[in-house]
Each structure stands twice: as C-alpha cells, then as structure tokens.
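Chemist: Sequence:
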Amino acid sequence: MKQLKSYTIGGIIFVLILGSVSHFFYEWSGYNLIVGLFSPINESTWEHMKLIFFPMLLYSFVAVPILRDNYPCIGSAYLAEIIIGTLLVPVIFYTYTGILGFHTLVLDIVTFVLSVVIAFVVAYRLTLTCKAKSYSAVLCGVVILMLISFMVFSCYPPKIGLFLDPTHEKH
Numbered sequence: 008m009k010q011l012k013s014y015t016i017g018g019i020i021f022v023l024i025l026g027s028v029s030h031f032f033y034e035w036s037g038y039n040l041i042v043g044l045f046s047p048i049n050e051s052t053w054e055h056m057k058l059i060f061f062p063m064l065l066y067s068f069v070a071v072p073i074l075r076d077n078y079p080c081i082g083s084a085y086l087a088e089i090i091i092g093t094l095l096v097p098v099i100f101y102t103y104t105g106i107l108g109f110h111t112l113v114l115d116i117v118t119f120v121l122s123v124v125i126a127f128v129v130a131y132r133l134t135l136t137c138k139a140k141s142y143s144a145v146l147c148g149v150v151i152l153m154l155i156s157f158m159v160f161s162c163y164p165p166k167i168g169l170f171l172d173p174t175h176e177k178h
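Quick note: the sequence shown uses my numbering, first residue 8, plus one each step.
It should be emphasised that the hints constitute simulated quantities derived from the structure, not laboratory data. All residues carry an ideal CB built from backbone N, CA and C; glycine is no exception. Any given hint might turn out to be false.
[Stated by the list, open to error] 25 Å max Cα-Cα, derived SDA-like pairs, lysine to any residue:
#: 1; residue 1: K166; residue 2: G43
#: 2; residue 1: K140; residue 2: L11
#: 3; residue 1: K140; residue 2: G43
#: 4; residue 1: K9; residue 2: L135
#: 5; residue 1: K9; residue 2: I125
#: 6; residue 1: K12; residue 2: K138
#: 7; residue 1: K9; residue 2: L121
[As the list claims (entries may be wrong)] Label pairs and their in silico Cβ distance ranges:
#: 8; residue 1: G108; residue 2: F68; range: 37 to 45 Å
#: 9; residue 1: K9; residue 2: G37; range: 41 to 49 Å
#: 10; residue 1: S143; residue 2: I106; range: 21 to 29 Å
#: 11; residue 1: F31; residue 2: Y163; range: 35 to 43 Å
#: 12; residue 1: K9; residue 2: I125; range: 33 to 41 Å
#: 13; residue 1: Y142; residue 2: P72; range: 17 to 25 Å
#: 14; residue 1: G148; residue 2: G37; range: 28 to 36 Å
#: 15; residue 1: D172; residue 2: L40; range: 15 to 23 Å
#: 16; residue 1: P79; residue 2: I151; range: 35 to 43 Å
#: 17; residue 1: F31; residue 2: L154; range: 28 to 36 Å
#: 18; residue 1: P79; residue 2: N49; range: 39 to 47 Å
#: 19; residue 1: E50; residue 2: P72; range: 32 to 40 Å
Produce the entire structure from the sequences given, and follow the hints as far as they go.
Modeler: See below:
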C-alpha cells in the first residue's frame, strides 16, 4: 500500500502542476489549434475541465502499467478518477457560484484542487476495494466519449452556459 500511497500523492502533485501550467499552453503556443484541443482555449467551465482530464489521463498511462501487477483494479479506478475529477469541476463551480452569485479566482483554484484531491482519494479506495472493476468497459467508454467531446466541442462549442466564458456573461 505504500507504493499506491506514493503514486496517489505523486499523481495529485503531477495533475496540480501540469493542470495549472496547461492553463497557459494555448496562449504560449500562439493559439495553435492542436494545443487547444488539449488545453483551455477560453475561460469557460468546459475548457477548464481539460485541466484535470488530460493530466489525469496522461498520469494514468504512466502509473497503471507500473502498478497493475500489485493492484489489479488500478485501471478501472483511474478511469473512474478521470471521470469524477473532470465532472467535479462544473459541479463545484456551479454550486459555489449559485450560492454566492459570482465567481472568484481563489475559489476557482480551490475548485480545481478539490476536484483533483477528491478524484485521487476515490481512485485510491476503488483500487483497494475493486468496486469499479466490473464497470471497466463502461468507464473506458465514458472516458473515450469525454475525449471525443473535448475535441469536438473545443472546435464547435454549443451556445449553452457550460461552454460560455463566465467573465463575459451578462448577469
């Protein structure tokens, strides 16, 4: 379990750092479309979900092959983690902005950190209990669907709240 704890803490740190830095990749790339598929292209909640989705996906590609011999349920746990972490961003954001009536950078950062930490804690527990193992195919399908959705909706965002820049919305 010491190895799993180390990878959990390492994963949290990795996703927090890469997710934070990737917020700026699109601008730093000179607004390159390919970069924009994997990093936020605007300040919408949808685009900020990429800050968790892609770093967690990348981390899982590294951690799962290393850990799966000792933890056979790590793959399904990390699939659940990616989904949970990504979906927590809009859940927490819209909950706190609904209560307060506005958003702040500090609480946006707290939303990001909480989403990452909660997702990794859930993955840790699912790895040990194997409760997600029987749902592996469904979880994988959802992650693939999310990946495709990020690609499509980055280029063709629907005109609904999740895809709008909250800093430019009229209240």
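Chemist: For each hint, tell me whether it holds in the structure or not.
Modeler: Evaluation of the provided hints:
1. K166 x G43: This hinted pair holds, its Cα atoms lying about 18 Å apart.
2. K140 x L11: Given that 25 Å is the threshold and the Cα spacing comes to 17 Å, the pair holds.
3. K140 x G43: Distance ~33 Å between K140 and G43 Cα, so the pair is violated.
4. K9 x L135: Holds. K9 to L135 sits at ~12 Å (cutoff 25 Å).
5. K9 x I125: holds, 19 Å
6. K12 x K138: holds, 18 Å
7. K9 x L121: Cα-Cα ~23 Å, so holds.
8. G108 x F68: 37 to 45 Å: holds, 40 Å
9. K9 x G37: 41 to 49 Å: With a Cβ separation near 44 Å, K9 and G37 satisfy 41 to 49 Å, so the hint holds.
10. S143 x I106: 21 to 29 Å: Given a distance of about 36 Å, which is not inside 21 to 29 Å, the answer is violated.
11. F31 x Y163: 35 to 43 Å: Because 23 Å falls outside the window, the suggested range is violated.
12. K9 x I125: 33 to 41 Å: violated, 22 Å
13. Y142 x P72: 17 to 25 Å: holds, 21 Å
14. G148 x G37: 28 to 36 Å: This hint holds: roughly 35 Å between Cβ atoms.
15. D172 x L40: 15 to 23 Å: Given range 15 to 23 Å: holds, Cβ gap about 18 Å.
16. P79 x I151: 35 to 43 Å: violated, 22 Å
17. F31 x L154: 28 to 36 Å: Hint violated: Cβ distance 22 Å, outside 28 to 36 Å.
18. P79 x N49: 39 to 47 Å: Because 40 Å falls inside the window, the suggested range holds.
19. E50 x P72: 32 to 40 Å: With a Cβ separation near 35 Å, E50 and P72 satisfy 32 to 40 Å, so the hint holds.
When held up to the earlier numbered hints, the structure conflicts with 3, 10, 11, 12, 16 and 17 and fits the remainder.
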